[in-house]
Amino acid sequence: MRRQVLIKSGEYYDSITLLQVSTALAKTDGVRNAAVVMATAANKELLADAGLLTDEAQKADASDLLIAIAADDDTALRSAFGLAESLLKDSRAGRDTIGLERERPRSVAASIAQMPDANLAMISVGGPYAAAVAYDALARGLHVFIFSDNVSLEDEIKLKTFAAKRGLFVMGPDAGTAVINGASLGFANSVARGEVGIVAASGTGLQSVMSALSQMGAGVSQAIGVGGRDVSDAVGGVMMLQAITALQEDAATKVIAVVSKPPCDEVREKIVKQLARHSKPTVVCFLGSDEPSRPASSPLHASDLEETAYLVAALLKSEPPYLAIDALAERDSRLKLKSAELRQKLNPSQKYFRGLFCGGSFCYETQMLLQRAAGVGAVYSNAPLDKQFGLHDIKLSQKHTALDLGDDRFTAGRLHPMIDSTIRNLRILQEARGADVGVIYLDFVLGFGVDDNPVGSAQQAIIEAQRIAATAGREVIFLASVCGTDTDPQGLQRQEESLKQLGVTVLPSNAAAAKVAGWILCQR
Amino acid sequence: MDIVSTLGRERGNENLLFGQALKVVNVGLDSFRQSLVDQGVGVVGVNWQPPLSGYIPLNETADGLSIDAINGRAVGKLKASRPMLVGLAVARDIVPKFSGKMLLHAGAPVGWRSMCGPMKGAIVGAILYERWAITEADALQLAASGDVRFEPCHHHDAVGPMAGVVSPSMPVFIVKNEPFGNLAFASVNEGLGKVLRYGAYSAEVIERLRWIEKILYGALARTIEKLGPIDLRTIISQALHMGDEVHNRNRAATSLFIRSVAPALIEHCAKSEAISVLKFLDSNDHFFLNLSMAACKATLASIENTPGCTLVTAMARNGVEFGIRVAAFGERWFTAPAPRVNGLWFPGFSESDANPDLGDSAITETLGLGGASMAAAPAIVRFIGGDVALSTQLTKEMAAISVSEHEAITIPSLDFRGSPLGIDLRKVMETAILPVINTGVAHREPGIGMIGAGIVRAPKECFESAFAYGASMFRAGT
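Taken in sequence, the protein lines are chains A and B. By the count of our numbering, the first sequence reaches residue 524 at its end, each step adding exactly one. By the count of our numbering, the second sequence reaches residue 478 at its end, each step adding exactly one.
Certain hints may be false.
With a cut-off of at most 27 Å between alpha-carbon atoms, the simulated DSS-like pairs for lysine-lysine come out as follows [as the list claims (entries may be wrong)]: (1) B/Lys460 / A/Lys89; (2) A/Lys8 / B/Lys226; (3) B/Lys101 / A/Lys8.
Some chain A residues flagged as far from chain B (calculated, every beta-carbon gap over 10 Å) [said to hold, decoys possible]: (4) Ile7; (5) Leu88; (6) Asp250; (7) Glu341; (8) Phe389; (9) Cys522.
Computed far set for chain A versus chain B, every beta-carbon distance over 10 Å [claimed, not checked]: (10) Ala42; (11) Thr75; (12) Lys273; (13) Ala383; (14) Ala435.
Hints were generated in silico from the structure; no laboratory data involved. Just so it is clear, the structure is predicted and the values come from calculations on it, not from any experiment. The beta carbon of each residue, even a glycine, is placed where N, CA and C say it ideally should be.
Chain A with its partners taken away, still in its complex shape (with noise of 0.2 Å):
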């Protein structure tokens, strides 16, 4: 085998990009691995456990590109740096059709110059360096939606603060989603614009409830995600309660949807103030809190994201909220049946339960139904509701085990699972194996910039593992959820359709599916 790494000096390329080059790289006839990378410390460390570093390329920094291949041979390895090469040029050459791409601004300060009515920067960059792009950002007077995770939780505090001053938005770090104005920032659904703002410190869970609403008819105003800290007692919740207030004066805002994890204590409070000083009509959704839905209270109360758009849909037709739980709970006894029918599937020694999820809030959504509504006792995690259930080794479940598969563990040097398919189908094969693996649950995220086909990148894991079961005698339950739209890009309907016909049961919403495994697996 041969091994060599190139190192190209100031030549940066996103991570897209470079992920799409080394798989291309890896596929190729010859290439045993190849990893195109910046190099940070992290990648550099995977290249070490890949067995792709050398003593050069451990001294070249973070503005140098490393291109890493190891081949059968000098004329597959050879080759191999020349498909390198033409794919990194090709993907500029792509850039520069579009007319005046050759003089993209390299600063935010150029683009302004370029447009200087934007009101709004995106921001994906590493993390280390999206908080200096933020606040340059808004210190010309930007508002920021700031993508990329790992920012330090001081540099969030200063933006906030700063921003707050300003009357500015900090959306994130580490917000997956926004809709402003009628745009979709992020991973985020194609919804009909309407009357109902939303905040939230979760991207899924905003993802989630203007999902459902908009299946319902129901539009939205402002989506504003705030990031999960925002909340924290550190931050202060200075986002959530700004987006709060802003949406209350906002004359297209009729109805208000809160969603978050249990915020402390110091800023659910403040929270409850904000609320209580306008009479909109809200709805609120702490989800993971010990509190019991109170549809009459004011604000109403959600115990999960499906139940928040219900009340929320109840409010904007001026319906009172507990017809909505009534509907509910029709249709979950129906479900309850259906669960009943679905057990006869498994043989005695498959107890357990698998959620491989893409969704941060539906993994921790799920955690809490299972345990709460459905009684299954303990489920473990690598993002456990509860610290004694985490997962001991991420690679191997245990028991009930929900993965995040989002989760920096799972994502370190790889594209959001909601992008690339790889690490999950990867794992839906491996629970497969487990002879007591009774459900697979598998969440499906559409939208802006996600996977145009996730059902379809799915599929075969989905066959083998139904294959594997059979050969072993056994029937795995494959639950699934679609969060989207039928605007969105990928169609609701088609990927739900495509799921069926894999003998999947698609179930209308993450907290369906949650109680559906629940009561499959402790009815027995």
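Chain A is fixed; fit chain B onto it per the hints.
Coordinates of chain B only, in the frame set by chain A:
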């Protein structure tokens, strides 16, 4: 103003986001830009690179003054500058603080022991020329003895190409920056081949220097005295329309200079003198280089020592280190090892023969000429190993790290956009685009001369250390 409208205005200020079309600046993943384009949302994609190490946004000085505003005023001075050739004089009579056994050299301070081959050769040549020693051996001994003081040209308002050695008896051009009155000085270009600036010190080199002192100096000084000051900015501006970038190509500017002096030279000098001077000018395509450099120095000197100003005022190389100076930090140098030139080599030479980058001539790039205006000089792009597209790209890159463009110095191939003006340290840090320099390459042994040419990027460490120094002087924002 009544209370209601005050409240209304405040509320308006509180939320500038809702109710207007979203206009997005995308920094990072290109797929997000594409997704906004697909939705019909106005978006500009930043061609982002990781900033240089230590970068933080820096908008205000310690006194809370806007750095952008300070830089804007400084660039105004650069634009208003009119470098005029007002005459020649013997260095010791005109160059400030130039006395006794002192020699000036290119770049940041460097001691005899550390000097590169070509600079040592030029020092020996200058000692022989000054008759401080008669033999080479004596000259070497004197140079090493500590009895000769070596100081950078830049410390004396002067600039010199390659080794940049100026000795007290050498005639220098006097360039006056008209509206501000400051002066800059440069020696007279000796031509190509065996010349002092490449470290040659044979008899013919010393002979030529004496001829410049005895004949050329007097003739040109008299000519300019009769003619009045010569506007160098106008010559530079015209030369850029004729394919020069006035660093590595000075053919047009030299021709224009000859046109402007020839009639008066013939009128006011003895015929034999005039003939020999004109022949000398005509034989040297680079004669104008030293004038170009002095013009740039005179212009940039007008903003040296401007508090809070982050514009680069000098880039210079002493053959060992590359150094920069920044307006706010005055005389201080920020240095890093001189880079090796990515060049094309004359037949018989290779990279292993090359001296690291050398000379004060990067003062032209500091003012946005030379490599920064490469788009004006397509004729020499192959000389530096590039193509026409590269030349355009280089100039656009330099525009991205500059505060403005020079209205009076324009580039036809870019639809008469101005040459980039005012390299902002902060922009270099933020964009990680390093200034590009067109350069000739000296042989590392003294006296062999030019062995190639190419382009080189200023080393990032200079900017990182200047920024770190500055960041401690400026408030970081919050």
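Verification of the supplied hints:
no.	hint	in the structure
1	B/Lys460 / A/Lys89	25 Å, holds
2	A/Lys8 / B/Lys226	57 Å, violated
3	B/Lys101 / A/Lys8	47 Å, violated
4	Ile7	15 Å, holds
5	Leu88	14 Å, holds
6	Asp250	5 Å, violated
7	Glu341	41 Å, holds
8	Phe389	34 Å, holds
9	Cys522	42 Å, holds
10	Ala42	13 Å, holds
11	Thr75	29 Å, holds
12	Lys273	18 Å, holds
13	Ala383	24 Å, holds
14	Ala435	41 Å, holds
Hint check: violations occur at hints 2, 3 and 6; the rest are consistent with the structure.
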